[in-house]
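S.K.: Order-wise, the sequence lines are chains A and B. Reminder that position 126 of the first sequence reads as 126 in the working numbering, one-by-one numbering, no gaps. Reminder that position 210 of the second sequence reads as 210 in the working numbering, one-by-one numbering, no gaps.
Bear in mind the hints are in silico, worked out from the structure with no lab data behind them. Be careful, since some hints might not be right.
Coverage of chain A stretches by chain B, computed from C-beta distances (three or more under 8 Å per stretch; other residues unrestricted) [claimed, not checked]: (1) 52 to 65; (2) 205 to 215.
Some chain A residues close to chain B (C-beta under 8 Å, calculated; not the full set) [unchecked claim]: (3) Ser17; (4) Ala48; (5) Ser84; (6) Gly131; (7) Val159.
Small disclaimer: the values here were computed from a predicted structure and weren't measured. No residue lacks a Cβ here, since even glycine has one placed at the ideal position from N, Cα and C.
The chain contents come next:
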Amino acid sequence: MVISARAVLPNLHITGSVTVDGAFTPTDATATNAKFATNAEVQRGKLAQLQLAEYVIAPTRWRVWNNLNALLSTAATDDLGITSTTFGTNSPAITAGDIMGVTSTRYARALIDLPMEYDAGETVLIRIYAGMLTTIADLTCNVDVEIYESDKDGTNDNVELIATAPQSINFLMFQAYDFVVTSTDLTPGAILDTRITVDSQDDNSTTAVTPTLGAVSLLCDIRG
Amino acid sequence: MLTVPHLFVQGDLTSAATLTPGLATILNAHVAPDAAIARTKLQRENYAPVDIDINSMRVWNDLGALLPGAASGDDLAIEDNASFGSSTSPYISGGDVGGIGTDRYARGMVALPPEYVSGAPVRFEIFAGFLTTAPDDAGFLDLSVYKSNQEAGIGSDLVTTEQIDIASTTISQRNYAITSTGLVAGDLLDFRVHVSTNDVGDAGAMVPVIGSIQLGCQIQG
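Required output: the full structure, derived from the provided sequences and hints.
M.R.: Dropping the structure here:
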C-alpha cells in the first residue's frame, strides 16, 4: 500500500511488514531486548563508554623487578616485598619494609595487559592506594610508576609512557594516587611493562616507618 | 484505526504516539553509531565466571611462595603434572591423606570485574572431591574470604556457606555464597581454601582434589 506524501493518519496498525526508505525513528525506550534480532551483533563501539573501569593488579602478581622469575618476598635492598600477615587479620599489601633511619629505593614489576574491551586511545591510569604504616618518614617518601609498552617481539620502543611525576605518600592516611599513562597509541591487548618505585629517606624516626601500597589498579575507558 | 497488510514509506515515518519496532527486527546497522547504549540496559548474567588461575595460588601464610609440589604440614600443593598433555590437568592437591588427619590450606586473591553489578550476588564455585578413594571418616572443604580495604586491613569473613562435605570420588561443583552487600567492581578479595580430612582405615590412596576455583558474580556487559 502506498500512501501519498505527507499523509497524516491518526492510528495505523500494520499486520505485515513496513519498509521505510527514509528515516524510521522508534519512540524512545521502545527498543527492548526482544526487539533486537538474535543475530543483531551490535558492535562494541555502539555501547556507552564506561570511563575508568578498574582492573585490580593483586599484590601477588608483582615480581622482583630485575628477576621476573622471582616472586616478591621480604622487602630488602632494592626490592619491594609482599606482606604475609595472618590470614583473616590483615590483607596482603606491597611493602617497602621498615625504612626507619635509612635511605632506600625499592621496586616491583608487573606485566599488565589492556583488556579486550579497552577503548583504543582513551584514558589509561595506574592508581596506587598508598600511605605509611605506624610513622611517616621524617624526610621523604615518594611513589613513582614507569611504563614501557612491549613491542611483543622482546623489545620496546624505549618510550616511557607515564606523564605524572613521583608523588609523596608520606602520610598516615592512605589515599589514591593516579599516574596518567600516555595512551594515544594504546590498543586492547597492549602489554604494559610496569615498574613501581618507593623512594624514601628517613634519618631520625624512632618507630617503624613502613611505606605500604595496599592496592594497585589499572583504570581505563572501556566499552562493553 | 486503519489496518493495512504492508506499508511502503518513501519519506520519513514518525508518530506522535508510539512507534515500536517489531520483535527481533533491530540489527546492528539500525543502531546509531553514537548510540552509547548504557551498560545498565544490557541483560544481567548471573554468576558469570571469573577464572582464578590455580597456578597462581600461594602458600597461605607465606604469600612470597607458590604452592609446593607436594602437600605437607598445613599446605596444599599444586599437582603440576609434568607430563603435559597426558590425561590429567593441573589441580590443587591435599596429598595422600590415607590413615591420617590433616588440615591444609591455600590462598589466593581475585578482584571483582568492571562488569560486576554493585551489591549483586557473588559466590565461589569450587570443583572438589577425592581421587581414587574417599576417606572413611571425614573430608571437608571450607572457604574464607575477606575484602581488602586497600590499605592493609580487612573486614569480616564474607562467606555465609558452612564447610561442605567433599568425601566422595565424584568431583563436583561446590558453591560458597558471599555476603555481597557493599561490594563493588574492583574490590579485591583475599581468600583461603581449607581442606580438612580424617581417615582411619587407610584403604589405599585418597587424595583431596580441587580442580578449579571460579568467582561467579552477576554482571552487565
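S.K.: A separate judgement is required for each hint: does it hold in the structure or not?
M.R.: Do the hints match the structure? See the list:
no.: 1; hint: 52 to 65; verdict: holds (count 8)
no.: 2; hint: 205 to 215; verdict: holds (count 3)
no.: 3; hint: Ser17; verdict: 6 Å, holds
no.: 4; hint: Ala48; verdict: 4 Å, holds
no.: 5; hint: Ser84; verdict: 5 Å, holds
no.: 6; hint: Gly131; verdict: 7 Å, holds
no.: 7; hint: Val159; verdict: 27 Å, violated
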